[in-house]
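With chain X fixed as given, assemble chain A onto it according to the hints.
Residue numbers (my numbering), protein chains in the order written: chain X, 72 to 564; chain A, 72 to 564.
Just so you know, the hints here were simulated from the structure itself, not pulled from any lab data.
Take the hints with a grain of salt, since some may be wrong.
All copies of an identical chain are treated as equivalent in the list; a pair is satisfied when it fits inside any one copy or across any two copies.
25 Å max Cα-Cα, derived DMTMM-like pairs, lysine to aspartate or glutamate [what the hints assert, rightly or not]:
| id | residue 1 | residue 2 |
| --- | --- | --- |
| 1 | LYS167 | ASP345 |
| 2 | LYS252 | GLU181 |
| 3 | LYS450 | ASP345 |
| 4 | LYS167 | ASP445 |
| 5 | LYS253 | ASP130 |
| 6 | LYS189 | GLU290 |
| 7 | LYS530 | GLU114 |
| 8 | LYS163 | GLU200 |
| 9 | LYS283 | ASP159 |
| 10 | LYS317 | ASP146 |
| 11 | LYS167 | GLU77 |
| 12 | LYS283 | GLU181 |
| 13 | LYS557 | ASP191 |
| 14 | LYS167 | GLU377 |
| 15 | LYS276 | GLU125 |
| 16 | LYS276 | ASP535 |
| 17 | LYS255 | ASP85 |
| 18 | LYS252 | ASP138 |
| 19 | LYS404 | GLU181 |
| 20 | LYS276 | GLU110 |
| 21 | LYS450 | GLU428 |
Given the structure is predicted, the values throughout are model-derived calculations rather than measurements.
There are 2 protein chains.
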Amino acid sequence: MPSPLETLKSRLADVNALRSATAMMDWDQQTYMPRGGAEARAEHLGILSRMAHETFVADETRRALDDAQGSAEGDDAAMIRVTRRDIDLATKLPTKLVEEKSKLAAIAHERWVEARAKSDFAGFAPTLERMFDIVREEAEHLGYTDHIYDALIDQYEEGATAAEVRAMFESIKGPQVALVKKIKEQPQVDDAFLYGNWDEGAQSKFTEHLAKAVGFDFERGRQDTAPHPFCTGWSVGDIRLTTRYKPYLGSAIFGTLHEAGHGMYEQGSPMAWDRTPLAGGVSLGLHESQSRLWENIVGRSRAFWERFLPGLKESFPAIGDVDLDTFYRAINKVEPSYIRVEADELTYNLHVLVRFELECDVLTGKLAVKDLPDAWNAKYEEYLGITPRNDAEGCLQDVHWSMGSIGYFPTYSMGNLLSYQIWTALQRDLGDTDALISSGDFASILTWLQDHVYSKGRKYSPKDLVRQVTGEAISSRSYLDGLERKYVEIYRL
Amino acid sequence: MPSPLETLKSRLADVNALRSATAMMDWDQQTYMPRGGAEARAEHLGILSRMAHETFVADETRRALDDAQGSAEGDDAAMIRVTRRDIDLATKLPTKLVEEKSKLAAIAHERWVEARAKSDFAGFAPTLERMFDIVREEAEHLGYTDHIYDALIDQYEEGATAAEVRAMFESIKGPQVALVKKIKEQPQVDDAFLYGNWDEGAQSKFTEHLAKAVGFDFERGRQDTAPHPFCTGWSVGDIRLTTRYKPYLGSAIFGTLHEAGHGMYEQGSPMAWDRTPLAGGVSLGLHESQSRLWENIVGRSRAFWERFLPGLKESFPAIGDVDLDTFYRAINKVEPSYIRVEADELTYNLHVLVRFELECDVLTGKLAVKDLPDAWNAKYEEYLGITPRNDAEGCLQDVHWSMGSIGYFPTYSMGNLLSYQIWTALQRDLGDTDALISSGDFASILTWLQDHVYSKGRKYSPKDLVRQVTGEAISSRSYLDGLERKYVEIYRL
Numbered sequence: 072m073p074s075p076l077e078t079l080k081s082r083l084a085d086v087n088a089l090r091s092a093t094a095m096m097d098w099d100q101q102t103y104m105p106r107g108g109a110e111a112r113a114e115h116l117g118i119l120s121r122m123a124h125e126t127f128v129a130d131e132t133r134r135a136l137d138d139a140q141g142s143a144e145g146d147d148a149a150m151i152r153v154t155r156r157d158i159d160l161a162t163k164l165p166t167k168l169v170e171e172k173s174k175l176a177a178i179a180h181e182r183w184v185e186a187r188a189k190s191d192f193a194g195f196a197p198t199l200e201r202m203f204d205i206v207r208e209e210a211e212h213l214g215y216t217d218h219i220y221d222a223l224i225d226q227y228e229e230g231a232t233a234a235e236v237r238a239m240f241e242s243i244k245g246p247q248v249a250l251v252k253k254i255k256e257q258p259q260v261d262d263a264f265l266y267g268n269w270d271e272g273a274q275s276k277f278t279e280h281l282a283k284a285v286g287f288d289f290e291r292g293r294q295d296t297a298p299h300p301f302c303t304g305w306s307v308g309d310i311r312l313t314t315r316y317k318p319y320l321g322s323a324i325f326g327t328l329h330e331a332g333h334g335m336y337e338q339g340s341p342m343a344w345d346r347t348p349l350a351g352g353v354s355l356g357l358h359e360s361q362s363r364l365w366e367n368i369v370g371r372s373r374a375f376w377e378r379f380l381p382g383l384k385e386s387f388p389a390i391g392d393v394d395l396d397t398f399y400r401a402i403n404k405v406e407p408s409y410i411r412v413e414a415d416e417l418t419y420n421l422h423v424l425v426r427f428e429l430e431c432d433v434l435t436g437k438l439a440v441k442d443l444p445d446a447w448n449a450k451y452e453e454y455l456g457i458t459p460r461n462d463a464e465g466c467l468q469d470v471h472w473s474m475g476s477i478g479y480f481p482t483y484s485m486g487n488l489l490s491y492q493i494w495t496a497l498q499r500d501l502g503d504t505d506a507l508i509s510s511g512d513f514a515s516i517l518t519w520l521q522d523h524v525y526s527k528g529r530k531y532s533p534k535d536l537v538r539q540v541t542g543e544a545i546s547s548r549s550y551l552d553g554l555e556r557k558y559v560e561i562y563r564l
Numbered sequence: 072m073p074s075p076l077e078t079l080k081s082r083l084a085d086v087n088a089l090r091s092a093t094a095m096m097d098w099d100q101q102t103y104m105p106r107g108g109a110e111a112r113a114e115h116l117g118i119l120s121r122m123a124h125e126t127f128v129a130d131e132t133r134r135a136l137d138d139a140q141g142s143a144e145g146d147d148a149a150m151i152r153v154t155r156r157d158i159d160l161a162t163k164l165p166t167k168l169v170e171e172k173s174k175l176a177a178i179a180h181e182r183w184v185e186a187r188a189k190s191d192f193a194g195f196a197p198t199l200e201r202m203f204d205i206v207r208e209e210a211e212h213l214g215y216t217d218h219i220y221d222a223l224i225d226q227y228e229e230g231a232t233a234a235e236v237r238a239m240f241e242s243i244k245g246p247q248v249a250l251v252k253k254i255k256e257q258p259q260v261d262d263a264f265l266y267g268n269w270d271e272g273a274q275s276k277f278t279e280h281l282a283k284a285v286g287f288d289f290e291r292g293r294q295d296t297a298p299h300p301f302c303t304g305w306s307v308g309d310i311r312l313t314t315r316y317k318p319y320l321g322s323a324i325f326g327t328l329h330e331a332g333h334g335m336y337e338q339g340s341p342m343a344w345d346r347t348p349l350a351g352g353v354s355l356g357l358h359e360s361q362s363r364l365w366e367n368i369v370g371r372s373r374a375f376w377e378r379f380l381p382g383l384k385e386s387f388p389a390i391g392d393v394d395l396d397t398f399y400r401a402i403n404k405v406e407p408s409y410i411r412v413e414a415d416e417l418t419y420n421l422h423v424l425v426r427f428e429l430e431c432d433v434l435t436g437k438l439a440v441k442d443l444p445d446a447w448n449a450k451y452e453e454y455l456g457i458t459p460r461n462d463a464e465g466c467l468q469d470v471h472w473s474m475g476s477i478g479y480f481p482t483y484s485m486g487n488l489l490s491y492q493i494w495t496a497l498q499r500d501l502g503d504t505d506a507l508i509s510s511g512d513f514a515s516i517l518t519w520l521q522d523h524v525y526s527k528g529r530k531y532s533p534k535d536l537v538r539q540v541t542g543e544a545i546s547s548r549s550y551l552d553g554l555e556r557k558y559v560e561i562y563r564l
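Excised from the complex, chain X in its bound form:
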């Protein structure tokens, strides 16, 4: 007869298989699925999500969890802690609600793609309204003491609260707006040479070259294209990146480096934890810290392009004979713009702030879904000084709401802060990181991150891990210092 621990592991393996199936169906939907497959996909995702949920929250799983608790040690004890948190979160959600959300998400994704293509928010609004209803219901089931948002963000970032998020934005808003203002008074850098009709094959090849160079393992992953780049996976040995090809050459390059950051974090879990709850990133904020670290701190550094600019010019001759300094300034151009995923590093958090405030307002009933476009545009005018010309470049730009991922956006900003905070810790150990980057020694950097972050998987809580790695709680100091230092030089302030 199997021990409770064995029973638990076997049940969790079943859940993992079902979730892997839905992850792959989701990946396929965003990369390769023909339009005709949408209806069946929605049904399949609904059914498999329900099965995963039912298997996970079944009495037998919980009983095995309770019975295994006492005797488990080391990794097993950590696995049990993580599973208990997950199962508590999941048990609060009725199976029917989970299935309904999953089905709606599949349909909403198709509607969102269409609506964005036609810049037709009205066509998407009823579906989004239904999604907010479901998410509101979810929050009530999950429970919260202070703010409905707390229930939602905790799913993505254990222990985070709306109040913390608000405080975080308070601490950075002032300095960032001031810095942006100073930059506006300086002559703008020129990045026109980064726009063109770039060959997709060349972009695919070059971005894979970069991802490989920094350490993403293509024996255990691959890259495809999707309208909205993302990283997913169903095994430590099979992690999928996506990127996209746009007239702005940086879209593909920094899109790939961003997703490769997520991907290397996922690939860095111990193989022994594959298909268990301990594998993968511990929270969305930590995850985002790694995508932003590789995208911004490494990928947008002068040292990085000291190494890769010659190759870039070879792959894209139309870029011309641009020198390193001009190139470096171009890829770090600061300019309030419409699209979050293409925002510069400095204004990025203001995009997130807009979404955070709108989500809170819709959730609490202060704002109707149908009024989102106007509210969105007003906030863009207020924080960024620009008004989207249409909803495609306004409130229809992100995939998240169609998926019901509400409460998710602030983790992007937490990631931005953590990327600099972790980098500061890394520099204390490794010293001259510019020298490592320009010489192509990404292995030293990856190994440090591997040792301190990736190999820990979900073993420690996000707050514990941040303390272990950086010696303190999440803080905006390194982030503000880093940006100040970087942009004072670039814009000669």
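Relative to the frame of chain X, chain A by itself:
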């Protein structure tokens, strides 16, 4: 409370979702999966197959089936008949055996790919031996009265037996060998211009153009590449073809037309039957009749290339200024060769005969797995007059055994016969099919097949369907007549 019929349908929808997941994982494994994903894929496939099997054979499903039997009418009655056959087949197999086979198949696929690359049968033999053991065990569970093979082939072709297959080969072997012999005495046609270093992008584009022209719906399907072309799907609205690019230009072209034939059959099920047991092809023989019909009878006709040769020359200028007659003879060149999937129409069935006889011999213990290469080569010498130079072009060429699909091959030959037999019936209704083909009116042909075959899904047994469509049981007459007429002209016999 749901009615027994509703309960049954809901259970079957769950099974369908699980099988769709395994189908997609299998598709991904053969098209995009990185090597590092193999181990987890094997585990996931094993678990999900077990779940599908358990859900399908569960008491609750069977009870709902029994209870729904009396009241069901029309399509529902047919669905119940089909489900009963499937469930009877499946219940005979122990869950553990199903899971073990599925896991082994995933591992065996990787081993087979490696072994074929290195032409190293010995490296694959132990895995294959284990697979034959499992299949033998399967046959014993399924049961048979006459020959162990009957239990296996019945899974793919309801009601077919080893004796029938043997009789089929008896009826065609003589005339075919005689025809091949006569052809050997004639001057050989030249197809050298079909070999070259063809651009993969151009092949992809041209083959998709052909598939679209004949009627494969790319809104409800797509084409990718795989080492061994196949067609799969998980919805009437989402059917996936694969093809491959080789120095022989015909590999991609006829590979695509072949898989598009399978694909159009799948796309032709009524949308109302999507995700139910009634959707899809009724048997492998019928399925193959459609792939061969579109590949050989349509795709290798003079009329077809009257229409498409100019476009082919534009896409592949290196082919030169070949005239229609030369091209038509080249693509119908008859020459005993090593690779089944690239065999000409005339010698194809001899390849199948080799596999059928070897499968019987291994299953009954007359032949050891380790001796397969020698036996294989001896039979190729006997039936085709050639000896493979290595196992990659010998007994390692096919994917089937690695998947445990033993008893499957004869359905290819049944498909060859049925393709001509069904075409003869179609011609009785449509008259001058050459005129339809050369004018690009594939819609008339597709509509006829749609009405008579595809729209029937699995509603009737294969034997019933063949009688309905052609007015008789499977017969070699149309097939032998068709080949005789075609090759007498091509080789000026």
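So, going through the hints one by one against the coordinates:
| no. | hint | verdict |
| --- | --- | --- |
| 1 | LYS167 - ASP345 | between (29 Å within a copy, 23 Å between copies) |
| 2 | LYS252 - GLU181 | neither (39 Å within a copy, 58 Å between copies) |
| 3 | LYS450 - ASP345 | neither (43 Å within a copy, 46 Å between copies) |
| 4 | LYS167 - ASP445 | neither (34 Å within a copy, 59 Å between copies) |
| 5 | LYS253 - ASP130 | neither (60 Å within a copy, 73 Å between copies) |
| 6 | LYS189 - GLU290 | between (39 Å within a copy, 19 Å between copies) |
| 7 | LYS530 - GLU114 | between (34 Å within a copy, 23 Å between copies) |
| 8 | LYS163 - GLU200 | within (22 Å within a copy, 49 Å between copies) |
| 9 | LYS283 - ASP159 | neither (39 Å within a copy, 51 Å between copies) |
| 10 | LYS317 - ASP146 | neither (44 Å within a copy, 49 Å between copies) |
| 11 | LYS167 - GLU77 | between (29 Å within a copy, 18 Å between copies) |
| 12 | LYS283 - GLU181 | between (32 Å within a copy, 24 Å between copies) |
| 13 | LYS557 - ASP191 | neither (39 Å within a copy, 57 Å between copies) |
| 14 | LYS167 - GLU377 | neither (54 Å within a copy, 58 Å between copies) |
| 15 | LYS276 - GLU125 | neither (43 Å within a copy, 45 Å between copies) |
| 16 | LYS276 - ASP535 | neither (39 Å within a copy, 53 Å between copies) |
| 17 | LYS255 - ASP85 | neither (55 Å within a copy, 58 Å between copies) |
| 18 | LYS252 - ASP138 | neither (59 Å within a copy, 74 Å between copies) |
| 19 | LYS404 - GLU181 | neither (34 Å within a copy, 48 Å between copies) |
| 20 | LYS276 - GLU110 | neither (34 Å within a copy, 27 Å between copies) |
| 21 | LYS450 - GLU428 | within (9 Å within a copy, 75 Å between copies) |
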